[in-house]
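Peer 1: Sequence:
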Amino acid sequence: MSDVIYLDHAATTPLDKRVFEKMRPYFCECYGNADSPHALGRKAQAAVDAARDCVAELIGAKSNEIYFTSGGTESDNWAIIGGARAKRVEGRTQIVVSTIEHHAVLSAVERLEKEGFEIVWLPVDEGGMVALQSIQDAVSDKTAIVCLMAVNNETGVKQPVEQAASIAKERGALFFTDAVQAAPYMPIDVKAWGVDLLSFSSHKFYGPKGCGVLYIRSGVKMEKLVGGGEQERGMRGGTTNVPFVVGLAEAYRLIRAEMQENNAKLQSLAETFMQELAPLDGIMRNGDKANALPSVLNLRFSGVENTSLLYNMDLQGVAFAAGSACASASVKPSHVLTAMGLNETQAKESVRLSFGKDNTLEEVTRVAALLTDTLRRLRKK
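Under numbering that gives the first Met the number 0, the first residue of the sequence shown carries the number 0, and numbering increases by one thereafter.
Among the hints, erroneous ones may be present.
Unchecked claim - Label pairs and their computed distance ranges (CB to CB):
hint, residue 1, residue 2, range
1, ARG284, ALA130, 18 to 26 angstroms
2, ASP124, THR11, 41 to 49 angstroms
3, GLU89, ASP34, 30 to 38 angstroms
4, PRO36, TRP120, 44 to 52 angstroms
5, THR11, GLY236, 23 to 31 angstroms
6, ALA130, PHE26, 47 to 55 angstroms
7, ALA263, LYS16, 17 to 25 angstroms
8, ASP2, ALA130, 41 to 49 angstroms
9, GLY90, ASP2, 55 to 63 angstroms
Hints are computed from structural coordinates only; laboratory data are not their basis.
Cβ coordinates follow ideal geometry from the N, Cα and C atoms, glycine included.
Let the sequences and hints guide you as you build the complete structure.
Peer 2: Rendered as structure tokens:
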């Protein structure tokens, strides 16, 4: 479907052809199990070790602090559940979490609530930002873990991770950040950020789906969630997915090397798109523009339901979303937008457009024209 204009990069990205070429030998040539002692196994393990070293160096970590998982969802669950359960032995039975987290985080928190943990929710302002004072007020000597995403997946709004991590550290709590949306656009430095736990996922930066990372700071005690073999230094069972691990590292290496250039292009695309829509009435941007990534636009078009707009644009070969792909089948309004103060009607008038490094000015100009015509037509009904 090469004729489709794809503006849903916050949901997933296409595999970079350079990444695919790096992965290719580990499917059919160097296919050994990385735990096997023979030559093919040792070669596979060497590739995994190199990938781990690459990721560690790029985020300012040690290689033995990097754990490969099946993706962001597993990493989020492991960080929160594994970290909180380990902290419970210290008498810490409270979870502090923002109201705008990804569903993977919310699901893990709900699971812990059923185990007896108290949940303290951090509100956001109308721009989608968590206030540091609310974190100060929420974290106590009973807090096991504080969860605050680095960048929101629906609005692109960045959160005060460094300051929040410092507050958690002062109170003896763990600090976890879901950096899945941050990884393609912000240079992660785990030491500068001061985090104990951090997750990201390969398919958000032109790597393969089904592969992720959990950074666990040295000295942090964790309960393992996936039993089996002794892979990942005995912390996560399961045969290592060598080609995907290799692909993740290569994709992350490339995205870091090209980040400045990509971000400048994305900023230009977003600005052009908004300029093209300027003649239209009834357009509002959700989220603090001054503190958002250049790649994500969450827009509300008054008087038009997002489901109708998405359907009509899809028929014209344009792909974008109403919000998180993980919740796209839900008829409920976005929990992120309602947390920001939008009512149900306003939330259901909102869509997310997320640009990628391969989009062109011609594409965004065309989408703006199609969107303008479609909105005018739908508003007449």
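Peer 1: For a quick check of understanding: which of the numbered hints are violated here, in increasing order?
Peer 2: Per hint list: single violation, 2.
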